[in-house]
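Chains X, P, A and S supply the protein sequences, listed in that same order. For the first sequence, the numbering used here gives the first residue as 1, with consecutive numbering after it. For the second sequence, the numbering used here gives the first residue as 1, with consecutive numbering after it. For the third sequence, the numbering used here gives the first residue as 1, with consecutive numbering after it. For the fourth sequence, the numbering used here gives the first residue as 1, with consecutive numbering after it.
Quick caveat, the hints were computed from the structure, so don't treat them as lab data. One should not assume that every hint holds.
Under the rule of at most 27 Å between Cα atoms (straight-line distance), these lysine-lysine pairs were calculated in the BS3-like manner [unchecked claim]:
no., chain 1, residue 1, chain 2, residue 2
1, S, K93, S, K328
2, S, K373, P, K144
3, P, K87, S, K93
4, P, K87, S, K189
5, X, K90, A, K36
6, S, K41, A, K108
7, S, K367, S, K93
8, P, K158, A, K36
9, S, K367, S, K63
10, A, K107, S, K41
11, P, K144, S, K93
12, S, K367, P, K144
13, A, K36, S, K41
14, S, K93, S, K420
15, X, K144, P, K158
16, S, K373, S, K63
17, S, K93, A, K108
18, S, K420, P, K87
19, S, K141, S, K189
20, X, K149, P, K158
21, X, K140, P, K158
22, S, K63, S, K41
23, P, K144, S, K200
24, X, K90, P, K144
25, S, K200, S, K189
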Amino acid sequence: MSGFDFLTTRLETALGWGRKFSLFHYPFITACCGMEYMSTACAHFDIDRFGAGLTRFSPRQADLLLVVGTISHKLAPVLRTVYDQMLEPKWVIAFGACTVSGGIYQNYAVVQGIDRIVPVDVYIPGCPPRPEMVLDGLLKLQDKIQHQKQDWRWARKP
Amino acid sequence: MGQETLIEAIRTRLGPDLEGSADSFGDLVLLLRAGSVRPALAALREAPFDYAVLLDLTCVDFAASEGRYELVYHLYSLSRNVRLRLKASVPAADPSVATLVGLWKNAEWLEREVFDMFGVRFEGHPDLRRILTYEGFEGHPLRKSYPWRLEQPRIPLKDDV
Amino acid sequence: MLELAIAFLVFGLLSVIMILVNFVLGPRRPNPAREKPFECGSPPLQPGIGPVNIPFFLVALLFLLLDVEIVFFYPLALAFRGQGFGGLAALGAFIAPLAVGFAYAWKKGIFRWS
Amino acid sequence: MEPLTRIQRQARPESMLLNMGPSHPAMHGTVRVMLELDAEKILNAEVEVGYLHRGFEKTCENKSYFNLLIYTDRLNYVSPLINNLGYCMTVEKMLGAPVPERAQLIRVLMSELSRISDHLTCLAAMAMESGAFTVFLYMMKAREYLWDTIEFTTGARMTTSYIRVGGVRADLHADWRGSLATAVRETRKVLKDVSGLLDKNSIFVGRTRGVGVISREDALSYGWTGPCLRSTGIPYDVRKAHPYLVYGRLSFEVPVGEAGDNYDRYSVRMREMEQSLRILEQVAALIPDSAPLGPGPALEPEQALRRSRTARATVPIRLSPNLEGSEKARLAGLACQEPPVAVPAKEDTYASMEGLISHFLFFMAGKGIRPPKGEAYFSVEGGNGELGFYIVSDGSDRPYRLHLRAPCFHIVAALEQLIKGRLIADVIPTFGSMNMIGGELDR
Chain X
1 MSGFDFLTTR LETALGWGRK FSLFHYPFIT ACCGMEYMST ACAHFDIDRF
51 GAGLTRFSPR QADLLLVVGT ISHKLAPVLR TVYDQMLEPK WVIAFGACTV
101 SGGIYQNYAV VQGIDRIVPV DVYIPGCPPR PEMVLDGLLK LQDKIQHQKQ
151 DWRWARKP
Chain P
1 MGQETLIEAI RTRLGPDLEG SADSFGDLVL LLRAGSVRPA LAALREAPFD
51 YAVLLDLTCV DFAASEGRYE LVYHLYSLSR NVRLRLKASV PAADPSVATL
101 VGLWKNAEWL EREVFDMFGV RFEGHPDLRR ILTYEGFEGH PLRKSYPWRL
151 EQPRIPLKDD V
Chain A
1 MLELAIAFLV FGLLSVIMIL VNFVLGPRRP NPAREKPFEC GSPPLQPGIG
51 PVNIPFFLVA LLFLLLDVEI VFFYPLALAF RGQGFGGLAA LGAFIAPLAV
101 GFAYAWKKGI FRWS
Chain S
1 MEPLTRIQRQ ARPESMLLNM GPSHPAMHGT VRVMLELDAE KILNAEVEVG
51 YLHRGFEKTC ENKSYFNLLI YTDRLNYVSP LINNLGYCMT VEKMLGAPVP
101 ERAQLIRVLM SELSRISDHL TCLAAMAMES GAFTVFLYMM KAREYLWDTI
151 EFTTGARMTT SYIRVGGVRA DLHADWRGSL ATAVRETRKV LKDVSGLLDK
201 NSIFVGRTRG VGVISREDAL SYGWTGPCLR STGIPYDVRK AHPYLVYGRL
251 SFEVPVGEAG DNYDRYSVRM REMEQSLRIL EQVAALIPDS APLGPGPALE
301 PEQALRRSRT ARATVPIRLS PNLEGSEKAR LAGLACQEPP VAVPAKEDTY
351 ASMEGLISHF LFFMAGKGIR PPKGEAYFSV EGGNGELGFY IVSDGSDRPY
401 RLHLRAPCFH IVAALEQLIK GRLIADVIPT FGSMNMIGGE LDR
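Start from the sequences, fold in the hints, and give me the full structure.
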C-alpha cells in the first residue's frame, strides 16, 4: 500500500467516523409513523444519543432524508424535489412499511415503496416500527456510512 | 316532536319534492327529487325544523345495478338534537345536482370531494376542482367501474425495483 | 504581545481550515433542482422574488445600526473594569443618540406591520 | 409547466406568492397553504389537501368487515381506538349485536386513554410550532405512559385493532390498574406543569389570544364539531348529545370556551383532558377484577413455555388474560356470543370439530360478519369531533360503500377564512390548534 493510499484510507475512516456521528436529518413526515417518530425523537427513546438528533427542516442543511409515513402519488413529486435539493453526501432511510413497500395500502393512490422514487439506504419495516427498531435502523445506517467508500471532491471514482 | 309529526310537517312544507320516507335501523331517511335538493334543504334549515348543521355529504354508486348515483345528505339540528338523512338520486348518464354553496360553507369542499371521487357535477359551484386526487388524474376512483389498483403516477417511477 | 500573535495565528488558521474543509470534502454534483428555491417541495408560484417591501428594508436598516453599536461594546467591556464613572459616561454618550433614533423609529411605527 | 392554481390567477402582480407547502414542519407534512403576501400580511390564501389520500374508502369496498378493522386504526392515527370504536359500533348497529357490560367498560377506558393522547399530541405540536419545545417534551413523556398502558393490554402502542366488532379482542392485562394509576398520575403532573408554562405565558397568549377567531354561526356553517366547536361556546359533545356505551352513567362536564380563538381551543383541550382523566378513574372503579387466574401467577407465553418444559404439568398453566380468547368463560364477558360476531374461543376451536368448523367459517370468504342489507350511520366523539361512519351493506361480507365523516375535513375547510388578513406567523398556531390529521382528512 503506497504512502498515498495509506493517507486516503486514514482519511476515509476519519471521514466516515465524522459523518456517521453527525447526521442532520430532514424529517419528511406524512402519516402515522410520524407519531412513532415523535416518540423516537423525544426524551424517552432519544435519537440524539446517536448523534442524529438535530432536525433540519431545509434540504440544504440536511444529509439524511428520513421518509416517514405513506407517500401517495400526489406527494411523489414533492419527495423527488426535496431529495434532489439535498446536497451530497446524502442518505435516505425508509421508515415504516408504507415507505418500504406501500404497506397495507395497495391501491390507486399510494406509491408501492419509495425506492421507485429515490434510492434508499436503510429500510425500517413495521407499521409503525417501534422506536427501538428505528434506532436499530439508524445504527445500521451508521455502519454503512463508516464502511462505504467515502465521497469527497477528489475521491477516485471506483 | 315525534317522528310521525315531523314527517307530516316536512311533507306539508316540501310538498311534491318529498318522494318518500323510510327507516333504516332507527334513523329517519327522506327521499328527495334530485331537482329540488337546494330549496328542500334551505327549507329544512329554517324555523320549525332548524337543521343548522350540514353534517356530511357523500355519494353511493349504484350505476351498474340501477343506473344512478345516490347523493346522501346528513343534517343535524342542534336545538332539537336530532339527525336527518336525505337521499337524492341522479341518473348515471349525466349526474348533476344543484350546489349547496351559499347555504353552508363546508358544502364547497364536500362537493369538490364528491365531484373528485364520483364525477357528480354541482351546478353553481364556484370552484369545482379535484380536491383529493391531483390535476392529471383521469377518471373518478370511487366509481365501481374504476379498477381498485390502477395507479396513475405523476412522475416516472422506477419499475425494476 | 506574543500571546496576541499566537491567538491571531491559531484562530486565523482554524477559520481558514474550516472554510477549506468544506471546499475539499464537499463533492460537487450540480443538478437542475438544486438551482430552484426550496418551496417546501412544491413548484414555486413565482419565477423570481418580486420587489421587497419597505417595512423589511427599514427593520433591516435598524438592525444593522444597533448590531454595529453592539460590536463597539466588546473593546469597552474588556477595559471597563478600571474606568470608574468616566467609562460609564463614555458609554452613555455613545448610546444616547442611537437610543433617541431607535425611539423615534419605534414611535413612527416601524414595527407596526398590519 | 404546472397548471395555474386559483391563487396565481387571482394574485395582484406586486404581491409575493409563497408556498407553505406539504413538506413543512408545521403543516404535518400533508397540507399545502399557498399565500399571497403584502410584506407579512396575508391578502389571500388557498389550501390544498389530499396529499395523504390513501384510497381508504375504495379499499374498504374490497375487504371483508373483519379485515377492514386495521384500516380504521390508521384514520385518525393519534386516537386510533376511537376509530375502531366508531366502526365497530356502526357494524353492531346493523347487526343488532348486544355488547357485554365488561367489554363496554373496557371500550370506554381505552377510548378515553386514546382521547387524552390525541389532545396531548395536538397541544404538544401546537406549542412546539409556536416555540415552546419544553412543552413538547413534557407531553410526549406523558403520552409514553398512556401508550404503555394501552400496549400492556392490546399489544401495540398505536395501531391496536383491539376493539373488535361485538366487543374487545381480549381481557385487560393482569396488572392494568397499576399502569393506569401511573399514567393518570404522570399525566396530571404534566398537565399542571404545562398549564403553569403556557396559560399566562405572554408570548403564547400574545400569539394565540384573538388569533384565528371564528364566530358561532361560521363554525356551525362550516360543520365544525368537537373541541374546535366547543371553543366558540356551543357545548355539543356526542358523548352527551347521544350517549353511547356507558357514558350515560358517568359524570363529566363538557368544557366550553367563549371567543373561539386559538387560545380557547388550547384551553378547551386542556380542560377536556382533565375530564377524561376523571372518566378513567370512574370507569376503573366500575370494572370488576377479572376472574381469578387460579393458583399460579399470570404467566407470559415464554414463561409458560419454560414452565411447561421443566415442571411436570400437575398444575394447569394459566396464560396471561390478555392473550386472544384464552378461555371461554372469560370470552363471554368480552365479546357478543349471539349472533356470533367475534372470533370463537380457542378452547372450542382446538377441542371440538364443530368449534374448528365455526372458527374456519368465521374467516372464510363470503361467510363471517354479514350485516343485513341496508345502510347505517353512527358517530362517536372522536379527538377532533363527530367521527361518523356511514356503511351501506348489500348483505355480503364486504361493505358496498363505507364513508367516514372526517371532523377535521370540515375544520380545515375554514382555514382560509381564519388566516386572511393575519400575519404569516399566525398561520402556525391557527393550523396547530385545528389538529389536522392527514389520515382522517384525506382518507
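Results for each hint:
no. : hint            : verdict
1   : S:K93 x S:K328  : holds, 25 Å
2   : S:K373 x P:K144 : holds, 18 Å
3   : P:K87 x S:K93   : holds, 20 Å
4   : P:K87 x S:K189  : violated, 50 Å
5   : X:K90 x A:K36   : holds, 19 Å
6   : S:K41 x A:K108  : holds, 19 Å
7   : S:K367 x S:K93  : holds, 19 Å
8   : P:K158 x A:K36  : holds, 24 Å
9   : S:K367 x S:K63  : holds, 13 Å
10  : A:K107 x S:K41  : holds, 21 Å
11  : P:K144 x S:K93  : holds, 26 Å
12  : S:K367 x P:K144 : holds, 22 Å
13  : A:K36 x S:K41   : holds, 25 Å
14  : S:K93 x S:K420  : violated, 43 Å
15  : X:K144 x P:K158 : holds, 24 Å
16  : S:K373 x S:K63  : holds, 17 Å
17  : S:K93 x A:K108  : violated, 66 Å
18  : S:K420 x P:K87  : violated, 35 Å
19  : S:K141 x S:K189 : holds, 11 Å
20  : X:K149 x P:K158 : holds, 25 Å
21  : X:K140 x P:K158 : holds, 25 Å
22  : S:K63 x S:K41   : violated, 48 Å
23  : P:K144 x S:K200 : violated, 54 Å
24  : X:K90 x P:K144  : violated, 43 Å
25  : S:K200 x S:K189 : holds, 18 Å
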